[in-house]
Amino acid sequence: MQILKILFKNAFRHKLRTGLTILSITIALLAFGLLRTVVNAWYAGVEASSAYRLVTRNAVSIIFSLPLSYKERIRQVDGVSEVSWGNWFGGIYIDEKNFFANFAVDAKTYFDLYREYVIPDDQKIAFFRDRKGFVAGRKLAQRFGWKIGDTIVLKGTIYPGNWEFVLRGIYRGREPNADETVFMFHWDYLNESLKKTAPTRADQVGFYMIGIQDPARAISVSGNIDGLFKNSFAETITETEKAFTLGFVAMSDTIITAIELVSFVVIIIILAVVANTVAMSVRERTNEYAVFKTLGFGGWRIAGLILGESIVITMMGCVVGIAATFPAAAAFAAAMGAYFPVFNVEATTIWLDIVFCLAVGLLAAIIPVYRTLKVKIADGLRMIE
Amino acid sequence: MDSSGIIVSINGLNKSYHRGDQTIPVLNDISFDIAEGEFLALMGPSGSGKSTLLNLIAGIDQPDSGSIVIGGVDVTTLSETELAGWRALNVGFIFQFYNLIPVLTAFENVELPLILTPLSRAERKAHVEMALKVVGLADRMDHYPGQLSGGQEQRVAIARAIVTDPTILVADEPTGDLDRISAEEIMDLMDRLNRESKKTIIMVTHDPRAARKAHVIRHLDKGILTNADSQNTL
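From first to last, the protein sequence lines stand for chains A and B. Numbering-wise (our numbering), the first sequence opens with residue 1 and increments by one. Numbering-wise (our numbering), the second sequence opens with residue 1 and increments by one.
Warning: the hint list may mix true and false statements.
Said to hold, decoys possible - Mimicking DSS-like on lysine-lysine, the simulated pairs with C-alpha atoms at most 30 Å apart in a straight line are:
id	chain 1	residue 1	chain 2	residue 2
1	B	133	A	9
2	A	9	B	125
3	A	374	B	125
4	A	230	A	71
Hints in this document: simulated from the structure, not taken from any laboratory. Everything numeric in this text was worked out from a predicted model, so none of it was measured.
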């Protein structure tokens, strides 16, 4: 007989109690895992941002545009390697609940700059040739069952009217944290339409995306770009792509902090549940531990039996909880994919699960171990279940 | 054991308990020897201190003063950790209520003390099977305590006590929870262990029938030995 066998037999002496405790740990880990993944999803754009890219926008607000003419002047700034531009289109597909991000971008420069988006060459060429063509992320196409050649109509909100597009390409992310839910079409298509319908809004750019040669020079290059347009009618703010994305995340900072706090509170609650289970089990068996002591089991061995039992319970909950996190996250992503384009359970979350479970197992056993070791053998033997 | 054949030597043993400011003396200046292979019965009324004396001899309690030398080791000078190791090798316990672990089989219960030894799994198995054979339960080794009668449970407890071949066996009211027939079977078994295996047995009992098997009976009353060297005349 091995000690491990004793630990398992003790852990499952009260099957219902242990089962419910494991279920509690499972649910807690599930909640922790999902909440952590929600937080990570919020920061996914930040994580995916490149140190080699800057974003220039109107200094007053992102909702104000910049002249297209800035692109040539930006291109001439020392350290700048590529310049692309785009506009947030804000179109609605059939119904508002079908939300997804949609941009008008300068196609050729955009895909040179965003090499993490991978499109088959034939699809890319087809997209470049078709002014009404668009490219969709793999997840977005899957979500609506779009196939190459399908015609899609978006209802404009910022740019009124029904806008017709043809799906010419489906991109995949080179890395798992790449957003595969974006809809991108030709900026020229938008601009030419505006020239006919709203000429004052033509040749206006929502933001510039700028490739730089050396990330270490990002601050000086940003300063030089903004210096070009100082005191102009449309001053600019240039920042790294990471800072730009963080600016959006910061708008939800309080909610994210609250979610993070709740995820840790869940762990504290489960610590109390496990501690209660272990304390009850050990208290009921004071007599048995006295017997172990009489047989020659020393303090460390007794402590090991109690700690081991506590860890067996928590780790079983941990294994089930982690196993359940992945399908739960997949279901969550399927339901909420529009709001969380990248919803992957990260390795860090799993490691945190394991570390927290071990910590809960250890902490929950501390008081029962102390009490058991304090009981004199003769007193323990007198205690009857 | 010394050259005179004495395995346990108790000298000037005192023990008291404290309740608030009150000190309650339990054992008062107890001194006696136990020879190797002796079967000693400690008798006396409730509260006379016999179980306390047994606990002190077994190294599960510490006296206020005095010494208990067992096999040349003064157990009153050992630390808690040393005592645990000493008990594992030198003392076999038999309790009134058997104190078997309910979730372990008879085999696993008997194997428990051997986990602390460096014996291999095969060696442990051989020892356990031998011990269960000695107590006549070789065919019950896969049974759980709940599947055994009281007498059988006590026999498993005896197998657990002898499996490490300890220096002394201590038994606290080993027949106290058994019917008459089972009690007689247990006492016959203990008698056989004493006679055939020369096991030194120290037993606390209220039962004169159980005490009849002992070679020596010592009476305690209010913490004092009332018959200094009584041969069994029951």
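### Task
For the pair we were handed, residue 9 of chain A and residue 125 of chain B, check the Cα-Cα distance against 30 Å.
Satisfied, since the Cα-Cα distance of roughly 20 Å is no more than 30 Å.
### Message
Check the hint pairing residue 374 of chain A with residue 125 of chain B against an upper bound of 30 Å on the C-alpha distance.
### Response
violated, 33 Å
### Message
Holds or violated: residue 133 of chain B and residue 9 of chain A, Cα atoms, limit 30 Å.
### Response
holds, 26 Å
### Query
Is residue 230 of chain A within 30 Å of residue 71 of chain A, Cα to Cα?
Given that 30 Å is the threshold and the Cα spacing comes to 15 Å, the pair holds.
The structure is inconsistent with hint 3 alone, although it conforms to all the rest.
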